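Take the sequences, apply the hints, and build the full model.
Here is how the chains run, residue by residue.
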Amino acid sequence: MNTFKRYIRIYKAVLKINVALILAYRANFLNHLFSTGAWGVFNFIWITLLTNKAKQAFGWNGNELVVITIGYIIITGVHYSLFAHNFENFSRIIDRGEFDGMLLKPLDTQFQMSMMRVSFASLIRTILGSALLVWWVVMHQFSVGIFQIVAFIALMGVGVVLMYAVWFLFITTLIWYPNLSNMIELLYTLNGFARYPTKMLTASGFTPLLLLVPLALIVATPVSVLLQKNTWSDVGLLVLLGIGLFAVSRVFWKFALKSYTSAS
Amino acid sequence: MKWIRMLGLYFERVFEYRLRSLIWLMLPLINNFTLILFWNGAGMNTPAITTYYILMTVGGLLTTSHCEFEVSDVDIKQGQLVNYLTKPISYYWVQLLSEVPYRVMQAIYASIIIGFLLFFFPRSLIISLNLLYLPLVLVIFILGYTLSFTFKLSLAYLSFWFKDIHGLMELTTIAIIIFSGGIMPLPWYPQVLQTISNILPFAYSGYYCTVALQGIVPLSGLLGIIAIQGVWLALLLLINRMLWMNGIKEFTAVGQ
Chain C
8 MNTFKRYIRI YKAVLKINVA LILAYRANFL NHLFSTGAWG VFNFIWITLL TNKAKQAFGW
68 NGNELVVITI GYIIITGVHY SLFAHNFENF SRIIDRGEFD GMLLKPLDTQ FQMSMMRVSF
128 ASLIRTILGS ALLVWWVVMH QFSVGIFQIV AFIALMGVGV VLMYAVWFLF ITTLIWYPNL
188 SNMIELLYTL NGFARYPTKM LTASGFTPLL LLVPLALIVA TPVSVLLQKN TWSDVGLLVL
248 LGIGLFAVSR VFWKFALKSY TSAS
Chain V
4 MKWIRMLGLY FERVFEYRLR SLIWLMLPLI NNFTLILFWN GAGMNTPAIT TYYILMTVGG
64 LLTTSHCEFE VSDVDIKQGQ LVNYLTKPIS YYWVQLLSEV PYRVMQAIYA SIIIGFLLFF
124 FPRSLIISLN LLYLPLVLVI FILGYTLSFT FKLSLAYLSF WFKDIHGLME LTTIAIIIFS
184 GGIMPLPWYP QVLQTISNIL PFAYSGYYCT VALQGIVPLS GLLGIIAIQG VWLALLLLIN
244 RMLWMNGIKE FTAVGQ
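Each protein sequence line maps, in turn, to chains C and V.
All the letters of the first sequence, read from the start, carry residue numbers 8 to 271 under my numbering.
All the letters of the second sequence, read from the start, carry residue numbers 4 to 259 under my numbering.
I should point out that these hints are in silico values taken from the structure, not numbers from a laboratory.
Since we're looking at a predicted model, the values are computed, not measured.
Among the hints, erroneous ones may be present.
Partner residues are not named here, just some residues of chain C that face chain V (Cβ under 8 Å, in silico) [said to hold, decoys possible]: (1) Ile52; (2) Trp53; (3) Asn189.
C-beta: ideal position from N, C-alpha, C; glycine also.
Set out below in structure tokens:
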């Protein structure tokens, strides 16, 4: 419990430092705010164009497919704010041996690699997505009760944990291949699978795609609960994968650390 | 001779990082593959659509330049440009040349993809290109790439005046995806977006290269594409030259 409190205290300090960074580099913050907001809007335009042509897909009608994309905008906002930007420097830190300094600190290395940078600008996506969600649900008169809203928020939280775990599993391989600086771009691209219904992967008949099912569950599951599409098996799977893959990512990281050779 | 030497060095660099190059290839491949799956689920997938997205991937790999980040961040912001200014070589040509090995590497990967698909899924690809038109398609691809390169280089030159143009670059990337037919074939877009796409240069290094290779454009259409690409290229080269001439006056680099 004391360790947990200590990390909370440290994370508060991290947040303060990141706020100070915004104040020091205001133009950079505004630039990032603008670009990340633009990508959020782009995702909405993307699905609007697709559903303008395709009225339904995988048992979801056009308006429901838009809700999945809005959910994706919300969840990526949280993930990009808290974790994703930390992973962008991962390759450089390992490749140049800067990780040595982290190993010497009395702090968990996974915590240091995952949580030291907070991108407040990315939260614009979450704000934008939440506003879009309310507007879309009201405009299309979806029947949504308080239980669905609470379950949706809770499952989105699990989704963030799962997304983090999947990303961290991939990024850990950089310990062995630090030159793959574009691995992060691959993750941003793979994340795109979360914009579509899970069935898109399961019904494809292409077995390797089943490996990406965790990503497809991240948004589609909370949204299916919100819209009362009753997929409780998916809910169970999402929670199980969230907890399971987080634990696996932790074990895998500890294992990978043994192979770290510094810059020599 | 100096150009061949330089080209050799760039080839060395690209082939040294083959795995990284493979990841760059996977990005558009994954994006377009998800769209094929989507249309499949919507019951609207046809061999023509599959072919479109596969050729969009191939076309994107061959015609989309990515020079802007290095020019903006490394050369202009970090001052590496001085290395080129003191040499008797054109910066435009050096940059254009440095991207050629990437295109060759991507072309090799692209050929493997198409070969694999044609071998295992012969009915999923429909390319009805008349081989007599192949030289014209080649010209369209070369112009498409030069168009993309000149546009991205001009964009990067804005770093001479602005501290950070990443926001603008991201916005441009979004515009390129939308208006080059990256989401779906242009005729599927609403009329207003189709009109804008036909006016802007992006479709001429994306969508039109793809449909030309697909073989669904008649001879007059191919010549029309080349004419518009020529007009856009002339205009962009002019802008590029103006930006360079004025931007270089803003450039400063210091050292001990």
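Violated hints - listed by number, lowest first: none
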